Amino acid sequence: MWTSLPLFGTAALLAVMLAASYTFAVALVAGADGKPRTLQAARFGAYGTVTLVGVAVLCLAYAFVTHDFRLRYVTAHSDRSMPTVYLITALWGGQDGSILWWLFLLGVNIGACVKWLGRRYLELQPYILATLMVVVLFFCIVMTFSANPFSESISGAPPDGQGMNALLQNYWMIIHPPCLYTGFVGCTVPFAFAVAALVTGRLDHEWIVASRKWTLFAWMFLAIGNTLGALWAYESLGWGGYWGWDPVENAAFLPLLTATAFIHSVMLQERRGLLKVWNVALICLTFFLTIFGTFLTRSGVIASVHSFAQSSIGNYFVAFLALLFVVSSTLVFYRWPELRDLPPTPQLRRATLVTGWVLLLLYGPGLYLIYNLPLSVGIRIGLMALGAGAFVFVGLELVFRRMTRGLTLESTRPEIDSILSREMTFLLNNWGLLGFMLFVLVATTFPMISDALWNEKVTVGPPYYNAWVQPIGLIIFFLMGVGTLFGWKKTSDEALRRAFRIPTVVLFGTAALQYFLGKYLGFQAVVWADPVYTGVMGKGLQAFNAWTPVLGFSLAAFNVSVILQEYFFLFRARARSGASKDTPAVLWYAGLVPGFLHTLFTLPPPSRRRYGGYIVHLGIVMAFIGFTGRAWTVDRETSLSPGQTFHIGSYDLVYAGPRMEVDVNKRMIFADLHVTKDGKDAGTLHPAKFIYMKSPDSPVTIVSMLRAASCACGLSSPPTSRVSGRSGGRSQASPPAWRSASCSR
Amino acid sequence: MALGLLLALMPAPAYAQSGMDDMHSHTIRIDNEHERDIFGSLRCMCGCPRDLLSTCSCESAEAAREQIRREISAGMTKEQILLGYQKVHGTSALAVPPDTGALRAIYAVPLVAFLGGAVGLGLTVRRWQARSASRNAKALRSDTLAVPAKRDEYDARLDDELKDLDG
Chain A
897 MWTSLPLFGT AALLAVMLAA SYTFAVALVA GADGKPRTLQ AARFGAYGTV
947 TLVGVAVLCL AYAFVTHDFR LRYVTAHSDR SMPTVYLITA LWGGQDGSIL
997 WWLFLLGVNI GACVKWLGRR YLELQPYILA TLMVVVLFFC IVMTFSANPF
1047 SESISGAPPD GQGMNALLQN YWMIIHPPCL YTGFVGCTVP FAFAVAALVT
1097 GRLDHEWIVA SRKWTLFAWM FLAIGNTLGA LWAYESLGWG GYWGWDPVEN
1147 AAFLPLLTAT AFIHSVMLQE RRGLLKVWNV ALICLTFFLT IFGTFLTRSG
1197 VIASVHSFAQ SSIGNYFVAF LALLFVVSST LVFYRWPELR DLPPTPQLRR
1247 ATLVTGWVLL LLYGPGLYLI YNLPLSVGIR IGLMALGAGA FVFVGLELVF
1297 RRMTRGLTLE STRPEIDSIL SREMTFLLNN WGLLGFMLFV LVATTFPMIS
1347 DALWNEKVTV GPPYYNAWVQ PIGLIIFFLM GVGTLFGWKK TSDEALRRAF
1397 RIPTVVLFGT AALQYFLGKY LGFQAVVWAD PVYTGVMGKG LQAFNAWTPV
1447 LGFSLAAFNV SVILQEYFFL FRARARSGAS KDTPAVLWYA GLVPGFLHTL
1497 FTLPPPSRRR YGGYIVHLGI VMAFIGFTGR AWTVDRETSL SPGQTFHIGS
1547 YDLVYAGPRM EVDVNKRMIF ADLHVTKDGK DAGTLHPAKF IYMKSPDSPV
1597 TIVSMLRAAS CACGLSSPPT SRVSGRSGGR SQASPPAWRS ASCSR
Chain B
38 MALGLLLALM PAPAYAQSGM DDMHSHTIRI DNEHERDIFG SLRCMCGCPR
88 DLLSTCSCES AEAAREQIRR EISAGMTKEQ ILLGYQKVHG TSALAVPPDT
138 GALRAIYAVP LVAFLGGAVG LGLTVRRWQA RSASRNAKAL RSDTLAVPAK
188 RDEYDARLDD ELKDLDG
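The listed protein sequences derive, respectively, from chains A and B. Residues in the first sequence are numbered from 897 upward in steps of one, following my numbering. Residues in the second sequence are numbered from 38 upward in steps of one, following my numbering.
The following block holds chain A by itself, in its conformation from the complex (with noise of 0.2 Å):
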């Protein structure tokens, strides 16, 4: 064992805060003296720094892997059973050690930033650097004071750890963290890119087309990690379902909304130079968010089944979260005229931050006096979610006309030929997209403003979210397929008949289609739940969802028709232009994925974004069957006895019996089960107890699925043995209970 790991360790995180200091000082000053030999100092810096943390992970995995129970995290996140994959994991298992994985993750980022930057926006470059290291340097405080995984045992090593949270052995844990960490660390770069073009005033496209690459890189990574996220709750949490709405999952997900928006949005200003200000907001909210849901997962706020052990590293992250939206909104207000496409008088910037930060600093007493108004509850909450978004925009266009008065500014400002143009369904997806992350941002923190305003504890449960989100979600998903038949600047009424016109058809006829035969192959159209309020808002949510089935079903094929149209499209005019003969005839004959992928990766920049785009977009369709899906799914909890059958929708599950087995560090407890359906038979399931010996009073569900025949199942309690007195000492097998049994068509 190496003796002084703690101490190197922690010493090592110190060496990190000392080189992102320095690194961040140099980077101010290649930023003031414009030196390249400064700037290349501070990329240096830069290097050294994530090397530095580089070390301090090597150290802690190290620990790991030697069982150096000296150190408090080690011992309270691994044992001696555990196998080698599971102890490299349980690097990111608990609070300190996955903060130290997520400043690794940053770090591998900022390296790949620098290195990429090259001789790059060589103006910007200190101010990026610069504010990557002020993230860096957040996180090391964090570890350094309040959550350091080098931190020993006072009462020195014991023989054994406590070993690691059931629920996170699973190879689930392998990879989901790492890859919604990547898409949480992802969005620093892009917010790097705005601070910096927000600071130098270059906040022409040249940021624009920079943090575009880097936020599809988080978005991507976020998009996995949020899949993958989803796949582990089926399998490991027993929510019965994908998606519980879980703070911590609202947490990630909230990001990932707003950098689909900024995805979106950025395409105006790259080819209209439209939404100047709002893309610069995006790209901050979207950080701001990655932020603010770590604090939610670690400050314990919230009641989470994701929650980390309550710490004091939450005032930390609130303290960051104060600093990030101090220095984002003076650098909004400080830029205002540029970002409005004016010339920067000293006069129109003075005004208008003045009257960012005053109608910022009004907003807190503003809202005061309008919830303490005579009015309804309604209207006041209303007002003050009006105001919530218009105060300060709305302030500071005033102060702007007032200071632009009498100039000529036709040519500068922003224009839009039709609202028959890609431009109007990208600025209604960004209102989509926006109003469902504050739907979910509200729900999500709802418990605690009421108990703060109203002393009031709620619960917001999942049969809120899904009661809620199938209106939002449809219309997004409506926008999505109907955005894309538009063209830019102005469609024409005869291209606009032409682009709808099968999409159209796809739409309503399988609308027809599914509502006069889906009934007789068990696919409702319309599928009828009880009311998640009493009243008329009840009724009509209600009735709106009852409508999902068939809504969710024609729209997603709406939605492929439209993608299968642009493809088609994109083919045809390839063949009209005689591009088609660049994709060698052998790549078809090899297949059409092969050919398919050869155009797409020939394509030029612009319609190569939009095509892969279309191949997301198909995606989403996917998910959106599979929600649409969840209407026919039918749940059934029962308690069975060996050889005892089931049924359950066009399924009989037979229970065959319990079945044991051990392997170094847990006991595995199935229930077999055989399943057939309409008689032929569909495989054989095998859900779980697993019982870890260092945390035997914790037995984990494992859900067992057969994917080909939609049909899954997870135990509550462990089948078990033992004698019951009443029959004279009869052994009986006591049935297992189904946790749940689920089955779609």
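Treat the hints with caution; some may be incorrect.
As the list claims (entries may be wrong) - Below, simulated BS3-like cross-link-like pairs (lysine-lysine); rule was C-alpha separation at most 30 Å, straight line:
(1) B/Lys175 - A/Lys1435
(2) A/Lys1353 - B/Lys175
(3) B/Lys175 - A/Lys1415
(4) A/Lys1386 - B/Lys175
(5) A/Lys1435 - B/Lys124
(6) A/Lys1415 - B/Lys115
Just so you know, these hints were derived from the structure itself, not from any lab. Computed from a predicted structure; not experimentally measured.
Fit chain B to the given chain A structure using the hints.
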């Protein structure tokens, strides 16, 4: 204000990252959809975060389900059962915040913001469109005497070709 609120709430209770205890090993029995609906509307108050009576396998959830079954048999409606459970355990026992008083903010705030956003978007787009229309009108007036340049023809052709390629 929001940050202040966050700070004020910092000492709020947290749940350790622990799995189920041995109390969470009971059978979940749900006999019909009416029961599922009621169990799914109520939170288990055993201390586990966010589990509903329809999904929690702890002892107290089992007891609560039995109690509710008795209430259903006695002919109580869903509203009466929910109200009774709420009286015993408080508002936080409901999975959906009640649609009363200030708690309406949970859906009112996003809805008003949604609608406000739509109005704001409409007004903005109208203004942008009006600006574009006014500029086009001016351009049209000044172009009436102008002879189309060769460059314009080339641009138009290029636009057409790109449009074709773009679908």
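Hints versus structure:
| no. | hint | result |
| --- | --- | --- |
| 1 | B/Lys175 - A/Lys1435 | violated, 53 Å |
| 2 | A/Lys1353 - B/Lys175 | violated, 61 Å |
| 3 | B/Lys175 - A/Lys1415 | violated, 60 Å |
| 4 | A/Lys1386 - B/Lys175 | holds, 19 Å |
| 5 | A/Lys1435 - B/Lys124 | holds, 25 Å |
| 6 | A/Lys1415 - B/Lys115 | holds, 29 Å |
Of the hints listed earlier, those the structure fails to meet are numbers 1, 2, 3, in rising order.
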